[in-house]
Amino acid sequence: MLKYIGKRILMMLPILFGITVIVFTLMYVTPGDPAYAILGENATPEQVAEIHEEYGLDDPYFVRLGRYFAGILHGDFGTSYKTGQPVFREIMTRYPNTLKLALLSTLLGVIIGVTCGIVSAVKQYSVFDKIGTVVSLFGASAPSFWIAMVLVLFFAVKLKWLPPTGTYGFKYWILPVATLGFQASASIMRMTRSSMLEVVRQDYIRTSRAKGQSEVKTIMQHGFRNALVPIITVIGIRICGFLAGAVLVETVFAIPGLGKYIVDSVNFKDYPVVQGGVLWIGLNCIVINLLTDIVYCFVDPRIRAMYAGKRKKAPVAAAKGEAGGNKGKEVMRMTGKVKNKNKKKSQAAAVWRRLKKNKMAMAGLYILLFILVASLFGPLISIYQYDVQDYAVRSQFPSLSHLFGTDNFGRDILTRIMVGGRYTLFIALVCVTSSAIIGSLLGLIAAYYPKVDNIIMRIIDIFMGIPTMMLCVSIVAALGSSMRNMMIALIVTQSPEFARIMRAQVLTVKDKEYIEAARSIGCSNARIIFSHIVPNVLAPIIVQYTLGAVNVILMSASLSFVGMGVQPPTPEWGLMISAGRDYLRDYWHIAIIPGLAIVVSAFALNMLGDGLRDALDPRLKQ
Numbered sequence: 001m002l003k004y005i006g007k008r009i010l011m012m013l014p015i016l017f018g019i020t021v022i023v024f025t026l027m028y029v030t031p032g033d034p035a036y037a038i039l040g041e042n043a044t045p046e047q048v049a050e051i052h053e054e055y056g057l058d059d060p061y062f063v064r065l066g067r068y069f070a071g072i073l074h075g076d077f078g079t080s081y082k083t084g085q086p087v088f089r090e091i092m093t094r095y096p097n098t099l100k101l102a103l104l105s106t107l108l109g110v111i112i113g114v115t116c117g118i119v120s121a122v123k124q125y126s127v128f129d130k131i132g133t134v135v136s137l138f139g140a141s142a143p144s145f146w147i148a149m150v151l152v153l154f155f156a157v158k159l160k161w162l163p164p165t166g167t168y169g170f171k172y173w174i175l176p177v178a179t180l181g182f183q184a185s186a187s188i189m190r191m192t193r194s195s196m197l198e199v200v201r202q203d204y205i206r207t208s209r210a211k212g213q214s215e216v217k218t219i220m221q222h223g224f225r226n227a228l229v230p231i232i233t234v235i236g237i238r239i240c241g242f243l244a245g246a247v248l249v250e251t252v253f254a255i256p257g258l259g260k261y262i263v264d265s266v267n268f269k270d271y272p273v274v275q276g277g278v279l280w281i282g283l284n285c286i287v288i289n290l291l292t293d294i295v296y297c298f299v300d301p302r303i304r305a306m307y308a309g310k311r312k313k314a315p316v317a318a319a320k321g322e323a324g325g326n327k328g329k330e331v332m333r334m335t336g337k338v339k340n341k342n343k344k345k346s347q348a349a350a351v352w353r354r355l356k357k358n359k360m361a362m363a364g365l366y367i368l369l370f371i372l373v374a375s376l377f378g379p380l381i382s383i384y385q386y387d388v389q390d391y392a393v394r395s396q397f398p399s400l401s402h403l404f405g406t407d408n409f410g411r412d413i414l415t416r417i418m419v420g421g422r423y424t425l426f427i428a429l430v431c432v433t434s435s436a437i438i439g440s441l442l443g444l445i446a447a448y449y450p451k452v453d454n455i456i457m458r459i460i461d462i463f464m465g466i467p468t469m470m471l472c473v474s475i476v477a478a479l480g481s482s483m484r485n486m487m488i489a490l491i492v493t494q495s496p497e498f499a500r501i502m503r504a505q506v507l508t509v510k511d512k513e514y515i516e517a518a519r520s521i522g523c524s525n526a527r528i529i530f531s532h533i534v535p536n537v538l539a540p541i542i543v544q545y546t547l548g549a550v551n552v553i554l555m556s557a558s559l560s561f562v563g564m565g566v567q568p569p570t571p572e573w574g575l576m577i578s579a580g581r582d583y584l585r586d587y588w589h590i591a592i593i594p595g596l597a598i599v600v601s602a603f604a605l606n607m608l609g610d611g612l613r614d615a616l617d618p619r620l621k622q
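Mapping of the sequence shown onto our numbering: residues 1 to 622, in sequence order.
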C-alpha cells in the first residue's frame, strides 16, 4: 500500500510540471502588456520600462519559466500585479471560503444523493424512483448560477427568509451550499442508483435474504458496501469540480473565494494570480484523486489486496495454437463467406426499437427536434427583431403580445431565445463533434500502438489534471474573450474524455479473435481499425457524445455568464442570464426564462443520453 502511495506521489510530479508549463505558456502568449494593467493606460514609456525591469517581463520565455519554477520550489508563486502582495498569501486568504463551500456542498449532496439513490434502487420503477430520476436529471441539466438565482429570488427576495449575498454568518452559507449541494446530490443519486441496481441482483444478496436477514441489514451491510467504489469516485470528482467551478456561485452570492478571484484576475491581466491559482487548484484535485484511490482500499478488500501485491495472477487464457481450429471459421467470417449483409442494419434497427420503447428518451428526442426547429425557423416568422430596442415596452412581464416578456432594452425575449438557440446548438454541435473526432483518434492511436500510449496518455492526464473551468478560463484569457476562442477552449477540455473512453474500449477488443483473424489474412492496420475495431466500440462514444453536448451547453453558458464567452449584443443564453442578473429583484423573467431554455435543452439531451445508454447496452442485445 505504501509503495503504491509512493508511486502515485511520484506520478504527481510530472503532471504538476505539465500543468505549470501549460498555464505559464498560456499566460505568456496572452496579448497585452501587464505593465499597463498595473500603471493604467496613461503610463509613460519610462514607467512601463521600469515595470518590465522590476518583474523581468522582457526576459526570454525559458528564463521566465525557469525563474517561475525556482520560485515555486521555494513556496513563492510570484507577486500580484494588482495588489503587490505575494500570490500564495492572496490564495490562502480566499481558499478557505472556496474549500468550505465545496466540502459543505458535497456533504449535503452525499446525504441526500446516497439516501435517495438507495431507495430508488430498492424500489425500482416505483413512483419514488421515477420522481428521483426526474429530479436528478434536472439537477444535472441546470447551470449552478441559474439555480443560485432562482433560490435568491424565492428565499431572499420574495420570502425574505435568507440573506442574498455575503459570508457573515451561518445563514449566509445556506443558499450557496444548497445550490451546489443540489447539483452534487443529483449526480451522486444517479451513480448510487446505478451501482445498487447492479449489486442487488447478485447471488449473495439473494442468499442473505434467504437466510432471513432483515432487508435493511441486507441492503446496507452487503449491498451498499459493495457499491461504494463508484460512489466514492463521483464524490471525489464533485469536490474537484466545486473547487474550480464554485466561481459561478461565488459570483452570484458575492463570496470572496478563490475561483472568483482568478476570474477577476484574468480581466485585470494579473497573470501571476491566474498561474498560481490554477496550479493550486490542480494540486488540490490531484491530491483528492489520490485520497479517493486510498479510500477504495478501506471499502473493498479486493483492491487492498491488489495494492498489497497479494492478488493472484489471472489464469492464462488458451494458447494461440489452441485457437487455430476456430481461426479458419473466423477468417471465413471476416472474408465475407459467412457475412450477413444486413447485420449492421439489423443492429441499428434493434437499437432503434429499444430506444422507441423508452418514453423518456423519445420525449427528449422530440424536445430537441422542437428546439432545433424553433431556433432555425422561429426568428423568421417572429414579428419582432432580436436586436431592435423599444424603450416604450422595456422590462414587461410575459403577456399575449410578448409571450416571454421583454428585457431592459425592450427587446422581445422569446425572439432572442430562439436566435440564441442557434448559437447554443451550433457551439454544442461543433465543439462536441470536434472533441469526439480528436479525442477518439488520440485514444485509438494510444490503445492500438503501445509505443506512443504513455506519451499520449500522460499528455491527456496533464490536461485532465487542470479543472475544466480553470483550463477554459486560462485558454480564453490567452486568446481573448470571443465565441470562437471559447469554442477552442471547450474542444480542448472535452477531447480528453473521449480519448480515455475510446482507449479503454479499444483495449478490450484489440486482442479479440476476430481481430487476430483479420491480421492473419493480411488486413492492413487502417482496415482493422476502421472496419473492425471502430464499429465495435462506438456505443460508449455515442452516449458520451450526448453527455458531452450537455457539458458544452452548460460550460458555454457559464463562460458567457462571467464575461469570457459570447460577447454582447449576441443573444446567447448564458449572456442573457448575466445581463438580467441586475434586474432579478424587480424583473425576474429577464434572467429566469433564458435559464429555463438551458435547462430544457440539457434535460432533453440527458434523457436521450440515458435512453441511448440503455439501448446500446450489450446485455440487452441477447
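Treat each hint with caution, since some may be false.
[Said to hold, decoys possible] Calculated pairs, BS3-like style, for lysine-lysine (alpha carbon to alpha carbon, straight line, at most 25 Å):
no., residue 1, residue 2
1, K359, K123
2, K123, K7
3, K171, K100
Because the hints were derived from the structure by calculation, they are not lab data.
Decide if the proposed pair is consistent with the structure: K123 and K7, CA atoms, cutoff 25 Å inclusive.
violated, 43 Å
Is the hinted pair K359 and K123 satisfied, with a Cα-Cα distance of at most 25 Å?
holds, 20 Å
Take the C-alpha atoms of K171 and K100, compute the straight-line distance between them, and say whether it is at most 25 Å.
With Cα atoms ~14 Å apart, K171 and K100 stay inside 25 Å; holds.
The structure fails hint 2 only (numbered hints given earlier).
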